[in-house]
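Participant: Each chain is listed here by its residues.
2 protein chains.
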Amino acid sequence: MGIRRETIVYEGPGGPFEGVAAWDDATDDRRPGVLVIPNILGQKESDNVVAERLAELGYVAFACDVFGQGKRTERNTPETSKYMDELNADRPLLRGRLEASLAALKALPVVDGDRCAAIGFCFGGKAALDIARFGAGVLAVVSFHGVYDRPDYDSVSPIAAKVLVCHGWNDPLGPPDAVTALGEELTDANADWQIHAYGGAGHAFTDREMEDTGSGFGFNADADRRSWQAMKDLFAEVFG
Amino acid sequence: MGIRRETIVYEGPGGPFEGVAAWDDATDDRRPGVLVIPNILGQKESDNVVAERLAELGYVAFACDVFGQGKRTERNTPETSKYMDELNADRPLLRGRLEASLAALKALPVVDGDRCAAIGFCFGGKAALDIARFGAGVLAVVSFHGVYDRPDYDSVSPIAAKVLVCHGWNDPLGPPDAVTALGEELTDANADWQIHAYGGAGHAFTDREMEDTGSGFGFNADADRRSWQAMKDLFAEVFG
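Chains A and B, in that order, give the protein sequences.
Just so we're aligned, residue 1 is where the first sequence starts under full-length UniProt numbering, counting upward by one.
Just so we're aligned, residue 1 is where the second sequence starts under full-length UniProt numbering, counting upward by one.
None of these hints come from the bench; they were simulated from the model.
Check before you lean on any hint, since a few could be wrong.
List of simulated lysine to aspartate or glutamate pairs, EDC-like, C-alpha gap at most 16 Å [to be verified]:
id	chain 1	residue 1	chain 2	residue 2
1	A	Lys232	B	Asp233
2	B	Lys232	A	Asp233
3	B	Lys71	B	Glu45
4	B	Lys106	B	Asp29
5	A	Lys106	A	Asp28
6	A	Lys44	A	Glu74
Using the sequences plus the hints, can you model the full thing?
Facilitator: Next comes the structure, spelled out in structure tokens:
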């Protein structure tokens with residue numbers, strides 16, 4: 001029939017939350033699920049479009065909400081980062097909301113809960129890495145221009161999820177020292193990991209609405225296409 | 001008809017040289033050519049096998065020789081690195097031999113000389129990077145566990161070939177500082193580049209004949225498979 005969207009309201013710490021799931025309803029078969037974690041602005045249409053692209057690949061995708069229903073911000077305002085800031089200051093709270101979001105994904109009748117992954121963008125990339133760190137029962141996580149500082153709780157060891165980090169080399173939020181530290185962290189945790197660094201790309205390289213003005217932020221078509229391909233390659237590994 | 005191998009003897013500085021080309025001779029159509037540059041041991045059967053795998057992908061591959069006809073070494077002997085050492089000490093000579101090898105590839109009647117690439121392993125990875133640096137008329141280069149020190153001649157700017165560096169994170173020949181320096185070099189040269197770092201992998205991660213004993217050297221099946229896939233993805237970009 002085509003790609004179906006469904007708005008899902010779900011509970012969790014500080015909830016309710018509201019996200020959008022997408023899947024191809026030509027079949028009711030259970031299939032792998034992919035959590036899509038939004039950036040600094042919160043759940044929005046561009047996340048739903050990502051979910052639809054994943055649905056076209058044969059997955060059930062859920063563009064989740066870790067800020068709370070109605071809690072969204074706009075670019076370039078004094079309040080752009082306010083909900084993100086709260087979660088950066090309370091990573092265990094972020095963890096609780098990610099667990100609730102994964103549970104909402106796995107509760108969908110078309111999802112095979114044993115075969116899930118998580119991806120995220122910017123702040124959502126950090127959150128995807130946290131999912132690997134706290135061991136939430138996913139096979140893989142992908143961070144697109146994420147942020148690499150560790151949470152203040154211990155990671156599982158070994159980290160069981162396969163980790164793919166797609167990184168813009170010019171990203172001022174991820175300088176070489178931070179990338180090296182992430183590589184060391186993942187190595188210490190015995191993770192199966194990859195970091196793909198893209199020359200000429202900065203933070204938010206997947207964000208078609210952010211022009212690259214040379215400041216280390218903005219859309220980069222090559223990195224966008226290559227990172228999506230790398231994600232597909234990893235999903236082919238873990239989902240078959 | 002299947003994959004055909006042909007031994008090619010060719011001239012160049014310090015020659016003659018002897019390599020092996022492979023292609024699918026079901027057609028005589030011109031197609032993209034891929035230079036395969038061997039590791040420290042020189043031209044050998046495992047390079048020919050790589051050339052055959054590339055031929056199966058639809059390319060003409062040429063496992064070249066930069067040491068000279070009959071100049072080959074064995075592992076773990078006092079002389080393992082002797083021919084490599086000579087070229088590391090004379091990067092312009094290596095350049096001349098790479099140019100001769102590329103010319104031999106492009107001279108094959110089944111090769112579209114405007115659509116070529118170069119890949120290499122270990123020392124050959126360094127040589128592939130040098131091809132990008134000196135601007136030899138290829139669309140892409142791929143370094144598998146290469147070595148990243150620059151030659152003593154100036155690179156072209158911009159570097160026109162797309163560069164993919166497949167790197168084992170535990171490679172003692174490529175510590176984080178060397179990787180960062182390579183990223184800076186390629187950025188300064190305005191290259192279109194990617195570095196893919198593989199956790200848990202060391203130097204020679206594609207080398208099925210070298211067991212990984214935890215010393216930072218040896219075969220790693222995940223990194224081998226992922227790097228080959230990344231190469232295929234890049235070739236799909238540049239060759240269509």
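Participant: Need the status of pair lysine 232 of chain A, aspartate 233 of chain B: alpha-carbon distance at most 16 Å?
Facilitator: With Cα atoms ~11 Å apart, lysine 232 of chain A and aspartate 233 of chain B stay inside 16 Å; holds.
Participant: Take a quick look at whether lysine 71 of chain B and glutamate 45 of chain B sit within 16 Å of each other, Cα to Cα.
Facilitator: Status holds; Cα separation ~14 Å.
Participant: Straight-line Cα separation of lysine 44 of chain A and glutamate 74 of chain A no greater than 16 Å?
Facilitator: holds (10 Å)
Participant: Below or equal to 16 Å on CA atoms is what counts here, so check lysine 106 of chain B against aspartate 29 of chain B.
Facilitator: Roughly 14 Å between the alpha carbons, so the hint for lysine 106 of chain B and aspartate 29 of chain B holds.
Participant: Would the pair lysine 232 of chain B and aspartate 233 of chain A pass a check requiring their Cα atoms to be no farther apart than 16 Å?
Facilitator: holds (11 Å)
Participant: Would the pair lysine 106 of chain A and aspartate 28 of chain A pass a check requiring their Cα atoms to be no farther apart than 16 Å?
Facilitator: holds (15 Å)
When each numbered hint is compared with the structure, no violation occurs for any of them.
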